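Protein chains in written order, with our numbering: chain E, 1 to 351; chain Y, 1 to 336.
The set of hints was computed from the structure by calculation and includes no laboratory data.
Please note that the accuracy of each hint is not assured.
What the hints assert, rightly or not - Facing chain Y, from chain E, some residues (calculated, C-beta under 10 Å):
no., residue
1, Y27
2, M35
3, M83
4, C91
5, M144
6, A158
7, W159
8, G171
9, I174
10, S178
11, T182
12, V324
13, G326
14, I327
Claimed, not checked - Pairwise CB distance ranges (calculated):
no., chain 1, residue 1, chain 2, residue 2, range
15, E, R267, Y, G264, 45 to 51 Å
16, E, S180, Y, A289, 47 to 53 Å
17, E, E20, Y, G264, 54 to 60 Å
Since the structure is predicted, the reported quantities are computational estimates derived from the model, not experimental observations.
All residues carry an ideal CB built from backbone N, CA and C; glycine is no exception.
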Amino acid sequence: MKPDSVALYRKMLTCRRVEEAIAGLWYEGRISGEMHLGIGEEGINAGVLDHLGDGDAVALDHRGTAGMVLRGVDPAAIVKECMGSVDGLCCGNGGHMHLFSKQHLAASSGIVGAAGPAACGFALAAQQLRPGTVAVAFFGEGAMNQGMLMEAMNLATAWDLPVLFVCRDNGMAITTASASVTGGDLQMRARGLGVSGRSVDGADAEMVWRVAGELIDRARRGRGPAFLRATCTRPEGHFLGDPLVRMARSPLAQLKPRLGPLVAAARSAEGAPMAQRVASLGKITSMLGRAVRTELGPAHDPVRRLRKRLTITSEALVKLEHEVEGIVKDAVDKALTSETANEKESSRCGK
Amino acid sequence: MREMTYAQAIEDALAQAMTSDERVVIFGEDVQALRMNLFARFGKHRVRQTPISESAFLGAAVAAAMAGLRPVAELIMIDFVAVAADALINHAAKIEAFSGGRWQVPMVVRAGCGGGYGDGGQHEQALWGWLAHIPGIKVVAPSTPADAGGLLTAAIADDGPVVFLEHQLLSEDWLDYLGSGGRSTVSYDIPVGGRQGEVPDRWVPIKFGEAAVRRRGSDLTMAGVGVGIHRAAEAAEVLSREGISASVLDLRSVAPLDCNTVAGDVARTGRLLVVDEDYRDFGLSGELAATLLEAGLTARYARVAVEGTIPFDPVRERAALPNIERITAAARNLMK
Ligand SMILES: Cc1ncc(C[n+]2csc(CCOP(=O)(O)OP(=O)(O)O)c2C)c(N)n1
Chain E
1 MKPDSVALYR KMLTCRRVEE AIAGLWYEGR ISGEMHLGIG EEGINAGVLD
51 HLGDGDAVAL DHRGTAGMVL RGVDPAAIVK ECMGSVDGLC CGNGGHMHLF
101 SKQHLAASSG IVGAAGPAAC GFALAAQQLR PGTVAVAFFG EGAMNQGMLM
151 EAMNLATAWD LPVLFVCRDN GMAITTASAS VTGGDLQMRA RGLGVSGRSV
201 DGADAEMVWR VAGELIDRAR RGRGPAFLRA TCTRPEGHFL GDPLVRMARS
251 PLAQLKPRLG PLVAAARSAE GAPMAQRVAS LGKITSMLGR AVRTELGPAH
301 DPVRRLRKRL TITSEALVKL EHEVEGIVKD AVDKALTSET ANEKESSRCG
351 K
Chain Y
1 MREMTYAQAI EDALAQAMTS DERVVIFGED VQALRMNLFA RFGKHRVRQT
51 PISESAFLGA AVAAAMAGLR PVAELIMIDF VAVAADALIN HAAKIEAFSG
101 GRWQVPMVVR AGCGGGYGDG GQHEQALWGW LAHIPGIKVV APSTPADAGG
151 LLTAAIADDG PVVFLEHQLL SEDWLDYLGS GGRSTVSYDI PVGGRQGEVP
201 DRWVPIKFGE AAVRRRGSDL TMAGVGVGIH RAAEAAEVLS REGISASVLD
251 LRSVAPLDCN TVAGDVARTG RLLVVDEDYR DFGLSGELAA TLLEAGLTAR
301 YARVAVEGTI PFDPVRERAA LPNIERITAA ARNLMK
C-alpha cells in the first residue's frame, strides 16, 4: 500500500493552517478557556484517519480539532465552535474539547482516557450493525496510565472488537515526563492485554499511513484490536499559554516574579533535608529547560517533511497551498462574521 | 494580619500544615510544577507526582490515610472525581462507619471547581451537592482567602475525608493556567474580596458547619457558597438601593451544613433565596428548602442555580451561572 502523498499533504496542511488560525483567534481573546492544539501531530492524525470512510467511527481526546477536520467536518463549523458561536458544530455548547459530529460518528472528550471505552462502544456497534467498519481511539501516552483505557484494551480483546488504539506519544503529560510515572513499556503493556501493535515515528506521515493501514485493515477483516504508538513533538507545550513555555521563552516577565517565592521556599527554616531541596530545584530547572527546547525542527515537523518528499511541480505545490490557505481563510472569515451576528443575538437572549 | 491572594492563602496554609505535621503529603498530577514552591521546600517524597491514574491514587490516598499519613490528594478539577468516584464514595466515606468508628480516613481531596472563565461543561462543574449527598464526606467551598486557608487547615486536621473545593475564578493561579494563559486579551468578572484579602498571621482551623454572615438584612435571606455568594452580595447592594434589605449567608461548608444559622435568619426575614453554582435539582438548594420545612418554618423560597449542562459559549455560560440579574430578579419576585 502506498499513500497518495499529495492528498495526504493537503490534509495535513489544512489541519496545520486551521489550528494556526485557531491559535490566532485564541491569542486575540476571541476564544475562551484552554486551547489544546495538535500542531506537530498532523502526520499521525492524517496518516491514520486517511483510512477511514463512511460508517467508521473515531473517539478523540481533548486535542481533537484536527481529527474533526480530517473526518470531513466543515472547518468553519469547528472554528465557530471554538469561538462559542450558536451556529458552531455543537451550537457553541461544547467548545474545542467537546466536539461532536453524529454524522461522522466522531466524538471527543476532555476526560483523559475516555477515548478508549468510547472506541470500544463504537467498535461494538460496528461489529453488530456495520460489519467491515472500524473505530479508532486517539489519546496521548499520559492517558495510557488511565485505568479505563487499560480496561478498554482488555475489553477490545475479550470481544474481539475492530478497534485501533492510537497513542500520540510526545513524552509529556502537561508538565510531567511520562516516563517518570509509567511502569514498563507501552507496547508490552498493550500486548499484555491482548492488543498487539507497532511503534512508528509520527513525523513520518507516509510511514504512519502504511502501518495504520495494515492495522486498520486487519481490524476490518475481523482480526481484532490493534495498538499504534506514534512519537511526535509539539512546539507549544501542553496548551496555548503553557506556563512552562511562557517562563522558558520570556524569563524576565514570566519567570522572574516566581523566583523570589521559589528561592524563599527552598531556603525556609523547616522542610526537607537540603539535598532534597537542591534536587527539587534541579528538577524544576530541567523542566524549564525542556520547555525551551520544544520547537518543531525540520526533522520533527511532519508537514515540512512530507512536503520535501512530494514529487509534484512547484507550481502545483504553490497552487495547492494557496487553495488550502483560501479554504482556511474562508472558514475564519465565516466564523468572524457569525461572531458579530452572535453578539447581537446574545445581547438579545441574555436569559 | 497579612494580605494574600486566594491561591497564596491555600499554599501558605498547606506549608504551615506540612511544617507542623510530617504526615502531611501532597500528591497529584503535575504537583511538582503546580506546587513548585512546596516541592522546592519539602522535596519529592512529600510533593509526589502521580500518573494520570485518578482511581489508583485516590484509592491509595484512602489507605495511606488509614495507615497513618495525612494525604492531600489533588484532582486538578473536581470534574475528574467522576473517574475515581469509587475511592471516595465506597471507601473514604464508609470506612469509619464500617469499622464501627474504630478506623478513620484523614484525607483531603483538593480540587478546583466552578466556572466563569469559559472552559466548558466538563471542566467547571461545582458538584458539591453531589458529593455532600454521601454520608461520611465533608465538603468545603471557601469564598475568601481567609476562609480558604482556615478551612484547609481544618480539613487537614480533620480525622475524616474532606473535599476541599477551590474556586477557579478566585484562584489567580488556576485562572492564569486554565483561562487566560498569560493573555491580556481576555478579562473576567472576578469578585474582588474573593481574590485577595486579609488573612491571619498564623492559620487556625475554621470550624466546619459555621456560616459566615456577610450581610444582615430584614426582608430576605440569601445563602450559598463560593463565587455565588459574592454575586449574592453584589445583588444585595443593588437591592438595598431599591429598599430591599437582604441577609447574605456564606455557608462555607456544604457538608456539614449550618442549618441553624439559615433557619434562624429565615425565621426573621420569612424569605430564602438560594444562590448556587451547582446544579439545581437534588442539591444544596433543595436541601436548604428541606431545612426550613424541618425547622417548622413557612417561608417564601426561590433558587438561582445551574439548570443544565454549562454551555461553553461564555455569554451563555454567564447566563447559566448565578449572576446579578438573575439574583435580583428572583429577589424582587420573592418580595411581590
Ligand atoms: C481524568 C482526567 N484527569 C486529568 C485531566 C487533566 N489533563 C488534561 S490533558 C492531561 C494530560 C494528558 O496527557 P496525554 O494523554 O499524554 O495527552 P497530551 O495532552 O500530551 O496530548 C491532563 C492530566 C483530565 N482532563 N482528565
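List of violated hint numbers, smallest to largest: Hints 6, 7, 8, 12, 13 and 14 contradicted; others consistent.
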